[in-house]
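Asker: So the protein lines, in turn, are chains A and B.
When we follow numbering that gives the first Met the number 0, the leftmost residue of the first sequence carries the number 0, and every step to the right adds one.
When we follow numbering that gives the first Met the number 0, the leftmost residue of the second sequence carries the number 0, and every step to the right adds one.
Since the hints were made in silico from the structure, they are not lab data.
Among these hints, one or two may not hold up.
[To be verified] The list that follows gives simulated cross-link-like pairs (lysine-lysine, DSS-like), each with its CA atoms no further than 27 Å apart: (1) B:LYS91 / B:LYS177; (2) B:LYS203 / B:LYS174; (3) B:LYS98 / B:LYS54; (4) B:LYS161 / B:LYS177; (5) A:LYS360 / B:LYS161; (6) A:LYS360 / B:LYS91.
As the structure is a computational prediction, the values presented were derived from the model and not from experiment.
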Amino acid sequence: MKRLLAKLALLLFFLSLFQSFSLIHPKKLTGANLTNVRDILSNSRLSFVGALDSGNTVGSSHIRIKLSGDSPPSWATSVKNFNLFPGDSLMVGNNVNYEVNDIVDDANDDLIQLTSALQSGDADADDPVIATASARHTVEFTSVSAFANGAVRVKIAAAVSATDDGIPDTGGFDFGPITASDITCPAGGGATWESPTATASGGTGCASGYHCFECRYNGTLNSGQSLTMYIGGTAEADQLINPAPSSTSKTIGSADTHAFIVQHLNSSYEPIDTTTGKVAVVEPVRVTAIVESTLEFTIAGESSGNSRCGQTTDVTTTAATVPLGTLSISSFTDASQKLTVSTNADSGYSVTVIEDDQLGKGGATSPYIPDSPGDAANMTHIAKADWDDPADSDAKGFSYSLQNVDALSIAFQYSDTDGNCSGTTYCGKQFPATADVGDTTQEIFSSTTVANAEDVYICYKAVISATQEAGDYENAITFVATAKF
Amino acid sequence: MNLRTEKLKNLRTFFLFCFLALLFFGFLVAQAALAQTFSLGIYPPLLEVMIQPGKSITQVYKIKNSGDDIVLVPNIVSFEPKDEFGNIYLMKGLNPVSKNWFSLTNAYRSLDQAFSLPSGRIEELVLKIKIPQQAVEADHYFSLILTTSPTPLMGATKTGMKGVIASNILLTISKDGKPRKLAEVVEFSPENPFFANIFDSFDKPRFIVRVKNIGQSFFKPQGSISIYNTLGQLSATLELLPENVLVNSTRQIRCRAGDKVTPCQFEPKFLIGRYKAELNFKVNGENYQAETIFWALPIKATLALLTIVVLLLMMKKRIEK
Numbered sequence: 000m001k002r003l004l005a006k007l008a009l010l011l012f013f014l015s016l017f018q019s020f021s022l023i024h025p026k027k028l029t030g031a032n033l034t035n036v037r038d039i040l041s042n043s044r045l046s047f048v049g050a051l052d053s054g055n056t057v058g059s060s061h062i063r064i065k066l067s068g069d070s071p072p073s074w075a076t077s078v079k080n081f082n083l084f085p086g087d088s089l090m091v092g093n094n095v096n097y098e099v100n101d102i103v104d105d106a107n108d109d110l111i112q113l114t115s116a117l118q119s120g121d122a123d124a125d126d127p128v129i130a131t132a133s134a135r136h137t138v139e140f141t142s143v144s145a146f147a148n149g150a151v152r153v154k155i156a157a158a159v160s161a162t163d164d165g166i167p168d169t170g171g172f173d174f175g176p177i178t179a180s181d182i183t184c185p186a187g188g189g190a191t192w193e194s195p196t197a198t199a200s201g202g203t204g205c206a207s208g209y210h211c212f213e214c215r216y217n218g219t220l221n222s223g224q225s226l227t228m229y230i231g232g233t234a235e236a237d238q239l240i241n242p243a244p245s246s247t248s249k250t251i252g253s254a255d256t257h258a259f260i261v262q263h264l265n266s267s268y269e270p271i272d273t274t275t276g277k278v279a280v281v282e283p284v285r286v287t288a289i290v291e292s293t294l295e296f297t298i299a300g301e302s303s304g305n306s307r308c309g310q311t312t313d314v315t316t317t318a319a320t321v322p323l324g325t326l327s328i329s330s331f332t333d334a335s336q337k338l339t340v341s342t343n344a345d346s347g348y349s350v351t352v353i354e355d356d357q358l359g360k361g362g363a364t365s366p367y368i369p370d371s372p373g374d375a376a377n378m379t380h381i382a383k384a385d386w387d388d389p390a391d392s393d394a395k396g397f398s399y400s401l402q403n404v405d406a407l408s409i410a411f412q413y414s415d416t417d418g419n420c421s422g423t424t425y426c427g428k429q430f431p432a433t434a435d436v437g438d439t440t441q442e443i444f445s446s447t448t449v450a451n452a453e454d455v456y457i458c459y460k461a462v463i464s465a466t467q468e469a470g471d472y473e474n475a476i477t478f479v480a481t482a483k484f
Numbered sequence: 000m001n002l003r004t005e006k007l008k009n010l011r012t013f014f015l016f017c018f019l020a021l022l023f024f025g026f027l028v029a030q031a032a033l034a035q036t037f038s039l040g041i042y043p044p045l046l047e048v049m050i051q052p053g054k055s056i057t058q059v060y061k062i063k064n065s066g067d068d069i070v071l072v073p074n075i076v077s078f079e080p081k082d083e084f085g086n087i088y089l090m091k092g093l094n095p096v097s098k099n100w101f102s103l104t105n106a107y108r109s110l111d112q113a114f115s116l117p118s119g120r121i122e123e124l125v126l127k128i129k130i131p132q133q134a135v136e137a138d139h140y141f142s143l144i145l146t147t148s149p150t151p152l153m154g155a156t157k158t159g160m161k162g163v164i165a166s167n168i169l170l171t172i173s174k175d176g177k178p179r180k181l182a183e184v185v186e187f188s189p190e191n192p193f194f195a196n197i198f199d200s201f202d203k204p205r206f207i208v209r210v211k212n213i214g215q216s217f218f219k220p221q222g223s224i225s226i227y228n229t230l231g232q233l234s235a236t237l238e239l240l241p242e243n244v245l246v247n248s249t250r251q252i253r254c255r256a257g258d259k260v261t262p263c264q265f266e267p268k269f270l271i272g273r274y275k276a277e278l279n280f281k282v283n284g285e286n287y288q289a290e291t292i293f294w295a296l297p298i299k300a301t302l303a304l305l306t307i308v309v310l311l312l313m314m315k316k317r318i319e320k
């Protein structure tokens, strides 16, 4: 029994000895992947790098870029005008002061309109046409390993060369104007964060192929912490420049993807936890909607009994007819219609009116019911005047007035108190007549800008003299609605 | 119940029944026909075209009838600018030069020929404009008008209505697409000064901008009014609204603030001293300039103060007396 125990003790001793050898050269701890890793761009738009076609001229505000079939230089991968929008700043040739005014939607999609003319030296074939798109990268991740005095490093894809010249690259993001002050390190997580560093691809401690952004910390960064690191400021001038299209054959609307890596480094700058992700850039969708400018004009009849232009209407009208009926010799017959205009044309509209002639018997020129001269014989088709006395034998006839509901501008109203109108009851005018030489259409209401269902009532008034020949009298009134030019 | 009471009851029932019957049938009688509606929409309301001699273009016009069934007659007439505010004066037809330039390519539709448009329908009229090879390079202005006819109503005194809706066409005939566009500033001055070119310090100066077209084709001036204070600092910029100025006509140009059309009005909180307003605009790449000087003084406040002082002095004299 004792022998057995001794043998067992010896065996255990040698086993532990062998075990201790493994501690001389311990296996390196293998890291895990950081979780919930993503890089969100504030602007996922591709930059534009094209080349001028031949035939562009100094002084022209239109430029044509080379299409894929025009043998553009290898750096010019934007071969359609799709990824440009009005207001974009544009570099053409050596001049960075151009701006896109419009993108011309023609068969070739290679024509761009600028807000100013091409300057001398900027119109040569293969001159660059560049519009940069920049973005702030919001890198989110969750820590896995917990250790002290480490760092978080974010690496963002860069092109093979010229990665820091402010010109968009096809293989990655250009470092551009970004500096360490444009980096915002994560906060909290149990550690105290130091000032960030930003190194362009190929710089000290940052191998080619990626731009490197680091945030060191003191203390222990706990496991399972959700952290956010910002690469780039809020202004475009403090952000990485998005890539240009990967090639001239890239399908419009499909994204180019570029790699980014998030690493959790230990105090010896060794990456412990690493995750690689992809960030996508794409042409934004330009949605064009044609809002057709329209003009709509409505004439609506009104039923009798309405209060219009200070009177109570006596007859029901239609859009096409004002049937005055049997006219009185001692009291007015009043009628009304409603006129409505809508337009989304910026210049607005105008509605004018003219009659063919005075109310003639059977539509003839004579005998006729005259256009009333008003109480003081001073009403014309141009001058408004009062007409309140149906018994005044010198004022018998026919006239019109207006009552504004919401038109922007109206020629006059029944209640006016200026000119020949004193504001008693009814201020009216004669209709201009095509039969009267020198009469022209008169504007009754208008707007100088867009109008949404602007309404006006037009009111008709008639009374006849005792000697008016019996019969049916009629005329035709034409309303013309036009947009202003 | 006695016979009298029974009869009274029957009578009451009978009259109640008659009343209810009248009431019921009254609802069934057709109401007087409410007014019909003429409601027509046209788009586009304005067409601007530049075309070479010998070429032709087509433009689709959409006519929407939102009212009752109507009969329309399409036609082309010339127009002239009526005033300085974009209003037009429709001529009675086409001038002889352009008489044969217009036609409708629709089957079964012709100019000056009536067609019916039922309620709720949209009709597309395809207008073809064909310019003869020998046409002179110049501007021509037309309106496509659609006219309804008055409904005949026999045996009554009445006024019949004709509704007309018009869409304007600004046509420039040019061989090289670069017609001569020349402008002249007819007037650039303050519109609402207190006196001469002097504003009260709390006023909001408004400017009249009148531009004349002395070239061969209509244009839209693009530019702004810059206002500088006594120290030469820029106080405000008012953007001009690019409105069409037709050949041989003058237009009063308004301003805009974003999408809103506004008068050209400077709206400071307080003005004092000498100001300079500079008008700058471009037409076809050429710059045009004008400037006007105005002054601002606290006139109303000074007058009010003087009035108070005089009143106080008068009161003081009275008290001393």
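Asker: It remains to establish, for every hint, whether it holds in the given structure.
Answerer: So, going through the hints one by one against the coordinates:
1. About 31 Å separates the Cα atoms of LYS91 of chain B and LYS177 of chain B, which puts this hinted pair outside 27 Å; it is violated.
2. For the proposed pair LYS203 of chain B and LYS174 of chain B, the alpha carbon gap of about 47 Å is over 27 Å, so the pair is violated.
3. Distance restraint check for LYS98 of chain B and LYS54 of chain B: the Cα-Cα separation of roughly 16 Å lies within the 27 Å cut-off, and the hinted pair is therefore satisfied.
4. Under the criterion of a C-alpha separation no larger than 27 Å, the hint pairing LYS161 of chain B with LYS177 of chain B is inconsistent with the structure, at around 41 Å.
5. For the hint linking LYS360 of chain A to LYS161 of chain B, the alpha-carbon distance of about 19 Å falls within 27 Å, and the restraint holds.
6. Between LYS360 of chain A and LYS91 of chain B the CA atoms are separated by roughly 26 Å; this keeps the pair inside 27 Å, and the hint holds.
Hints 1, 2 and 4 from the list above are not met by this structure, while the remaining hints are.
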